[in-house]
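Trainee: Letter by letter, the chains look like this.
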Amino acid sequence: MEEEKTDMKTTFRRTGLALVALSAAAPAWAQDPVELTFLVDNGPPSVAQAEALAAAYTELNPHVTFDIELRVGSIDGDNLVKTRLATEEMADIFLYNSGSLFQALAPTRTIVELTDQPFLDVVSDSFEAVVTADGGVYGVPIGPGFAGGIMYNRAIYDELGLEVPLTWDDFMANNAAIDEAGYVPIAQTYGDTWSAQLLVLGDYFNVEADSPGFAERYTNNEAKFATDPAALRSFERLEEAYEAGYFNEDFGAATYDDGIRMIATGEAAHYPILSLAIDPIAEQYPDAVPDIGFFAQPGDDPDKNGLTIWLPNALYVPQASENIDEAVDFLAFVASQAGCQAQIDAGQVSGPYLIEGCQLPEDVPQATRDLVPYFNDSDLNLPALEFLSPVKGPALPQLTVEVGSGIRSAAEAAAIYDEDVKKAAQQLGLPNW
Amino acid sequence: MSDAALDRQEPAARRRTARRRVPYPYTFYIPAGVIYAVMFLVPTIASFYFALTRWTLFDSHFIGFGNFVQFFREPFLVQGLVNTLIFGISTSALKVVLGLALAVLLTSRIPARGYLRAVIFFPVLVSFIGVGIIFVSLMHPTRGAINVTLETIGIDGPGWLTTPWLALYSVIIVDVWKGVGIATVIFIAGIASIPSDYYEAARIDGATKAQQFWRITLPLSRPATVTVITLSLIGGLRTFDLIWTMTGGGPGFSSDVVASIIYKQYQSGFYGLSTAGNVVLFLLIALVMVPLTTWMNRREIDI
Chain A
1 MEEEKTDMKT
11 TFRRTGLALV
21 ALSAAAPAWA
31 QDPVELTFLV
41 DNGPPSVAQA
51 EALAAAYTEL
61 NPHVTFDIEL
71 RVGSIDGDNL
81 VKTRLATEEM
91 ADIFLYNSGS
101 LFQALAPTRT
111 IVELTDQPFL
121 DVVSDSFEAV
131 VTADGGVYGV
141 PIGPGFAGGI
151 MYNRAIYDEL
161 GLEVPLTWDD
171 FMANNAAIDE
181 AGYVPIAQTY
191 GDTWSAQLLV
201 LGDYFNVEAD
211 SPGFAERYTN
221 NEAKFATDPA
231 ALRSFERLEE
241 AYEAGYFNED
251 FGAATYDDGI
261 RMIATGEAAH
271 YPILSLAIDP
281 IAEQYPDAVP
291 DIGFFAQPGD
301 DPDKNGLTIW
311 LPNALYVPQA
321 SENIDEAVDF
331 LAFVASQAGC
341 QAQIDAGQVS
351 GPYLIEGCQL
361 PEDVPQATRD
371 LVPYFNDSDL
381 NLPALEFLSP
391 VKGPALPQLT
401 VEVGSGIRSA
411 AEAAAIYDED
421 VKKAAQQLGL
431 PNW
Chain B
1 MSDAALDRQE
11 PAARRRTARR
21 RVPYPYTFYI
31 PAGVIYAVMF
41 LVPTIASFYF
51 ALTRWTLFDS
61 HFIGFGNFVQ
71 FFREPFLVQG
81 LVNTLIFGIS
91 TSALKVVLGL
101 ALAVLLTSRI
111 PARGYLRAVI
121 FFPVLVSFIG
131 VGIIFVSLMH
141 PTRGAINVTL
151 ETIGIDGPGW
161 LTTPWLALYS
171 VIIVDVWKGV
181 GIATVIFIAG
191 IASIPSDYYE
201 AARIDGATKA
211 QQFWRITLPL
221 SRPATVTVIT
231 LSLIGGLRTF
241 DLIWTMTGGG
251 PGFSSDVVAS
261 IIYKQYQSGF
271 YGLSTAGNVV
281 LFLLIALVMV
291 PLTTWMNRRE
301 IDI
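Protein sequences, first through last, are from chains A and B.
Residue numbers 1 to 433, in this note's numbering, belong to the letters of the first sequence in order.
Residue numbers 1 to 303, in this note's numbering, belong to the letters of the second sequence in order.
These are calculated hints, taken from the structure and not from any lab test.
Virtual Cβ for every residue (Gly too), placed ideally from N, Cα, C.
The reader is advised that the hints may include incorrect statements.
Between beta-carbon pairs, the in silico distance windows are [claimed, not checked]:
no., chain 1, residue 1, chain 2, residue 2, range
1, A, Glu-88, B, Thr-44, 42 to 52 Å
2, A, Glu-88, B, Ala-32, 28 to 38 Å
3, A, Asp-67, B, Ile-155, 32 to 42 Å
4, A, Glu-163, B, Ile-133, 35 to 45 Å
5, A, Leu-80, B, Thr-44, 16 to 26 Å
6, A, Gly-357, B, Thr-44, 50 to 60 Å
7, B, Tyr-36, A, Asp-32, 40 to 50 Å
8, A, Ala-55, B, Gly-64, 50 to 60 Å
9, B, Tyr-26, A, Asp-76, 25 to 35 Å
Please construct the entire structure, taking both the sequences and the accompanying hints into account.
Mentor: This is the structure:
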């Protein structure tokens with residue numbers, strides 16, 4: 001609230017509107033038919049989750065219907081969401097990332113705060129932490145949690161008698177054996193530049209294990225990728241994998257779809273990617289699902305093996321909405337076990353849910369089952385850096401493509417990334433930068 | 001926005017001299033003036049202001065020339081500037097040479113001339129995005145039609161878009177293929193407007209075909225050449241769509257041009273920074289084009 005006073009231009013109008021909506025709508029809403037607009041990205045999982053939730057909610061509350069709008073995903077979608085929030089044209093409910101991207105939405109001025117809502121009791125604390133700004137909570141999770149690590153082909157592992165590696169050296173030894181046997185050890189798909197970041201982003205558990213408190217020092221401009229040996233190691237691992245020649249021949253042009261194909265058909269043994277990739281595999285190569293497993297990207301110490309996890313996207317209600325009560329009630333449903341069950345029934349089982357008491361069924365894919373032990377023990381997982389710090393440099397995809405293609409050394413790329421991070425921190429107006 | 005500002009300088013000057021003679025009231029200017037102000041003047045002035053601020057979509061604060069300092073410290077800006085110049089100059093030069101050659105061919109007496117003219121022009125009609133996507137798949141290092149064809153004759157084709165030094169030139173080739181049709185059409189018009197008397201006189205004097213080209217066709221199609229150079233150089237310097245669809249500036253940053261660097265800043269939410277970049281790009285194009293067009297238009301034609 002402190003912050004709202006300082007922004008003169010629009011806040012009075014927005015808060016005023018919110019108050020009017022609260023007082024006027026409350027007594028009458030139960031009877032009047034309402035249509036809520038609902039903006040989601042066009043990724044198949046998001047659409048499936050949104051449709052399942054909307055249908056289940058309408059069944060319980062027939063007077064509320066939904067108009068689901070689709071938007072582009074990734075970075076172009078970011079600008080669309082920001083523009084619609086800034087111009088007060090946002091849908092009543094919208095889906096957006098949690099973590100650093102959420103922070104860039106100026107949530108205290110644009111999004112309805114949910115801090116005191118009772119339905120947050122069952123939402124896991126680790127999720128609440130990534131939709132918190134200035135001590136207030138602003139969103140509820142949609143979809144399962146996921147992870148960044150190594151997707152691997154179990155059939156190849158069985159054939160060659162390999163074991164899931166607990167150290168980076170074991171991982172490289174496995175790669176050597178796989179290479180020997182004529183398979184592609186590591187699939188890389190720089191045609192979709194975002195996928196190049198995974199060996200760096202998925203390494204964060206190991207960074208924090210070797211350099212405790214890195215996220216906080218990094219946010220305060222005290223720790224740098226180029227000078228912190230544990231953080232630099234993430235870039236070096238990518239460099240080592242390239243220099244060993246373990247990538248598929250067309251790594252520079254291959255796309256995410258190619259990666260899915262390579263790992264599912266047994267062309268490649270490892271694909272460093274988000275665990276969500278099991279969804280397209282289940283869709284396009286259903287027979288391959290039992291052959292696909294997932295393990296955490298190994299570090300240097302076998303006793304400190306753990307998973308870098310990604311928290312799910314969130315649903316938010318903009319302050320400019322004219323149906324705040326109804327929208328917030330829908331969020332309460334999403335954060336309940338019934339909401340969670342509706343998504344599971346729609347086949348959204350690529351990872352565990354962050355709602356207390358929401359259990360995955362027994363027959364989930366092996367790759368999902370591999371995630372559960374890590375998620376269940378808080379010592380075995382850590383959110384990726386973009387959830388622990390609001391700062392993420394936008395040039396990381398290109399820089400990791402360069403390191404992974406041998407265009408630039410790990411040390412040089414890390415130093416350039418530090419500059420990129422500085423730019424992002426200044427834009428966010430963080431202190432110390 | 002930058003082009004529009006360039007185009008509009010001329011009519012403004014003409015309007016001033018015509019003022020005294022025109023019997024209509026100035027109020028007739030209002031509709032056009034309002035549209036011009038709202039669509040062009042205000043955004044242009046606003047962009048100069050916002051280039052001096054750090055703004056999210058929610059608020060902004062004034063930081064003086066900080067964005068320009070930051071923009072010039074972009075680690076890949078110098079390479080982007082060099083790439084932009086390489087792209088602009090080489091596509092422009094190739095379009096002049098190839099366009100003129102094709103125009104000479106297509107104005108001579110050859111069979112199926114109309115059909116061939118149409119074929120040269122077809123790529124112009126396809127959108128940049130479509131062309132980009134098609135060539136990305138044609139130039140795939142292992143499965144693309146180009147390398148598969150080369151393989152059958154025993155050549156191991158390069159990664160056209162994935163080799164850092166080659167990517168920019170691959171895009172240049174595609175840009176020329178797509179854009180040469182316009183250049184050809186302009187040259188055809190230029191050549192067709194040369195009076196046939198000159199050629200008759202030359203033939204009577206016993207000039208060879210080559211002499212006719214160098215002494216008559218080339219100098220007299222100078223207005224066409226100026227047009228082609230101006231259009232293709234401006235287009236090349238601010239090129240974006242083909243680079244973006246084919247390489248995204250990659251691999252890494254190796255085929256980044258100024259426009260793609262600016263777009264990436266915008267995408268990342270650095271709106272002030274990208275506005276500053278656009279001001280820089282506007283000045284860059286103006287710095288190259290204004291002297292060049294003045295110089296090209298001033299020179300007299302001697303036969």
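Trainee: Against this structure, judge whether each hint is valid.
Mentor: To see whether the hints hold, each was checked on the structure:
no.	hint	verdict
1	Glu-88(A) <-> Thr-44(B): 42 to 52 Å	violated (26 Å)
2	Glu-88(A) <-> Ala-32(B): 28 to 38 Å	holds (32 Å)
3	Asp-67(A) <-> Ile-155(B): 32 to 42 Å	violated (56 Å)
4	Glu-163(A) <-> Ile-133(B): 35 to 45 Å	holds (43 Å)
5	Leu-80(A) <-> Thr-44(B): 16 to 26 Å	holds (25 Å)
6	Gly-357(A) <-> Thr-44(B): 50 to 60 Å	holds (58 Å)
7	Tyr-36(B) <-> Asp-32(A): 40 to 50 Å	holds (47 Å)
8	Ala-55(A) <-> Gly-64(B): 50 to 60 Å	holds (53 Å)
9	Tyr-26(B) <-> Asp-76(A): 25 to 35 Å	violated (44 Å)
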